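Peer 1: Here the structure of chain A is known, so what remains is to put chain B in place on it, guided by the hints.
2 protein chains.
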Amino acid sequence: MPSTPLAELPTADLQDFEQAVRLRYDSFATRGLKLDLTRGKPASAQLDLSNALLTLPGRDGYLAADGTDTRNYGLLQGLPELRALLAPLFGVTPDQTILGDNSSLGLMHDAIVYALLKGTCDSTDPWSDEDRIAFLCPVPGYDRHFAICEDFGIEMIAVPLTDEGPDMDFVERLVAADPAVRGMWCIPKYNNPTGTVYSDATVGRLAAMRTAAPDFRLFWDDAYAVHHLTEQRIQIASIVQACAKSGNANRPFVFGSTSKITYAGAGVSLFASSADNVRWYLGRMGKRTIGGDKVNQLRHVRSLGSTEGLLERMDRHREILAPKFATVVDVFARELAGTGVATWTEPKGGFFISLDVLDGCARQVVALAREAGVELTPAGSTYPHRQDPHDRNIRIAPTVPDLATVGPAAEGVALSVLLATTGALLERRAGAGA
Amino acid sequence: MPSTPLAELPTADLQDFEQAVRLRYDSFATRGLKLDLTRGKPASAQLDLSNALLTLPGRDGYLAADGTDTRNYGLLQGLPELRALLAPLFGVTPDQTILGDNSSLGLMHDAIVYALLKGTCDSTDPWSDEDRIAFLCPVPGYDRHFAICEDFGIEMIAVPLTDEGPDMDFVERLVAADPAVRGMWCIPKYNNPTGTVYSDATVGRLAAMRTAAPDFRLFWDDAYAVHHLTEQRIQIASIVQACAKSGNANRPFVFGSTSKITYAGAGVSLFASSADNVRWYLGRMGKRTIGGDKVNQLRHVRSLGSTEGLLERMDRHREILAPKFATVVDVFARELAGTGVATWTEPKGGFFISLDVLDGCARQVVALAREAGVELTPAGSTYPHRQDPHDRNIRIAPTVPDLATVGPAAEGVALSVLLATTGALLERRAGAGA
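Chains A and B are the protein sequences, given in the same order.
Just add 397 to the spot in the first sequence (first one is 1) and you have the numbering used here.
Just add 397 to the spot in the second sequence (first one is 1) and you have the numbering used here.
The following block holds chain A by itself, in its conformation from the complex (with noise of 0.2 Å):
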């Protein structure tokens, strides 16, 4: 590890530090690992923390707390004890929830499909009749949400994340002037990449701020709520209770899911916000469905059994994953700290690290990455349209490896972020000198 940041080395220095990262990057690629940092699934270990679920609800153990037979028809909204049992993690009551099926993202999905259909509760028009709608998304976000508002043509407008969340004074600007503006993605807590934690003044401000379009929605992807990585059971302001609060009770719609606390193929989702956005959600999805999976949603409380339970296997989550992340960043730390081209986020929270890089270096590095045997999430991912407009932002997703396969899987990425960054200082001064 060089004492001076590359980029103040003097030229000879540098192609000699390129050539001593080249020959310990080639080194590291005859290795032939096959490691993968793409994806923030659980690992093995993780799912097996929820196993009780494969024998669950049990022979005779199909009955919900009021009698109502789960393995039939009904209960469009969900067991209660279920609700009961997730609605304090989110800041809310019971009534105040809806269980969707195993996917969270598909009650986002379904929430824009129907306020572009019908409109929300506060709508004139549905959203398809206008010429314009626009998102604002926080960046670095999650594809999987960009990809929905670029699937049906929704505009995304990219908002800066500060320490305390998203730029406030850039938020509270557009929403007052722009009508078209009627969402923004907010990941609030452990932000997926960033690890950021939006403060209780941001989140008051989400709640009072004036919007322009009345029926303006925050999509609030509660994706981590539990998910520590420290001891620290980071608490936020309740987004309902704030907006109810400010005059805006209709103005958040708050996702979550047992994905990563249970199992993430066969967990349950949830939505939760005012009476009524819930009465208009459960309205449009009346529609769709007769009910959810109450079998399962039984399964979960039996397996969980109440909300310290719910904690309590969180622990057992943070355990495994929290030496992961500190070996990825002590990985980082001994390669990358003091060389100016590289900086990370350290989380306390969620499923991942956000590196960035030198600009216009995060496509070199993926590449290079995946040449030495380590795949990474392609750059770009974690902006609107897959466009990082300064090439540098990577998300490092390093719960799947297992503890002695991480520390090299980073080495891999650091080496690469060495090559590429080199690479591009020299070419600079090439180009400069020329």
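If you're looking for bench data, these hints aren't it; they were derived computationally from the structure.
Since this is a predicted model, take the numbers as computed values, not measurements.
All the pointers check out, no bait thrown in.
Just so you know, same-sequence chains aren't split out, so a pair can sit in one copy or run between any two.
Under the rule of at most 30 Å between Cα atoms (straight-line distance), these lysine-lysine pairs were calculated in the DSSO-like manner:
1) Lys515 to Lys684
2) Lys684 to Lys431
3) Lys684 to Lys745
4) Lys745 to Lys431
Peer 2: Chain B in isolation, oriented as in the chain A frame:
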């Protein structure tokens, strides 16, 4: 039971008959029964047939045949072994199928939503860009199909049903003439509520007919594909194969589910169609979810075992259901045959008996039955916008009551029919004489 049709009785005799019926009706009503013939739900005994699901897939049983960890994200199209098990029942190959969550209604709803917002793979524009979109609706039909159309402002054109399915002369004329007709609801086997089975000739004509709209789609709800009430496992021509043979491979969207095979609330749904449509549907669905509940899909494979195992499970359902249907038909025959004021179906499968009463009397029959303690589906439900132009059709769902109560329930209905129609006949004579 009178040997002469009620309408042909002299008025004095008809008044005597009404008197006798009213005594029986009042006596029935004083029994204070609470019977329900409304929705097509499986009985508890039917659900019990699949209680292996309550402890499946088992502690170490979460790996699919190809080693996929069903607990994690992924596998958008669904578990290959369950697709292989179900495909033959719908006349398709496994690669022509996609698995959904517990609700095939959701797949139908989403197919319409995707067509409205994006267009089908054969559309030049999204359907929602058109001033007018229309669906053909064979009647009597399924209220939830019609509710989706109503919700999205899709015009519904009622099509009469014959013993071989929809009146094809009528259908062919309409679809050839009107490019706004983009879809048609079909329940090809054991139609809800009439039990009608489409003949192979009907299937062939639906597949081959010329349509003005190049993106016309058959919404082929094969909800009762294996739901036989006799020992005969009726097979009909495969709409997917027939359409392919006629050069209209993309015409059918086939929907099915295990809702009435395993658990109504916790089954697996299925979409089947041509390669182009499967690609189109997966493309849309992939914005909505990362994959379905594969653990539940695996549970179903383990519980059903094989296609033949599924058919054997359906034999057990038949043993529970056939006596209930026979009881209703027996009671109707005993009380109503020869009266000329009612006809009813004797279905060879499905979940319903369709009862037609003297025109203008269905609402009154339902009201009288309720007062006597028998809940029926609201009259009109089987027609678009809940408007039966003749006010004559009533859907009878005999599956939920146990065998001991289904007879009394049918008797309550029959007495209500006799009372309502006799009253109407007498009123009409009084009106004609006035």
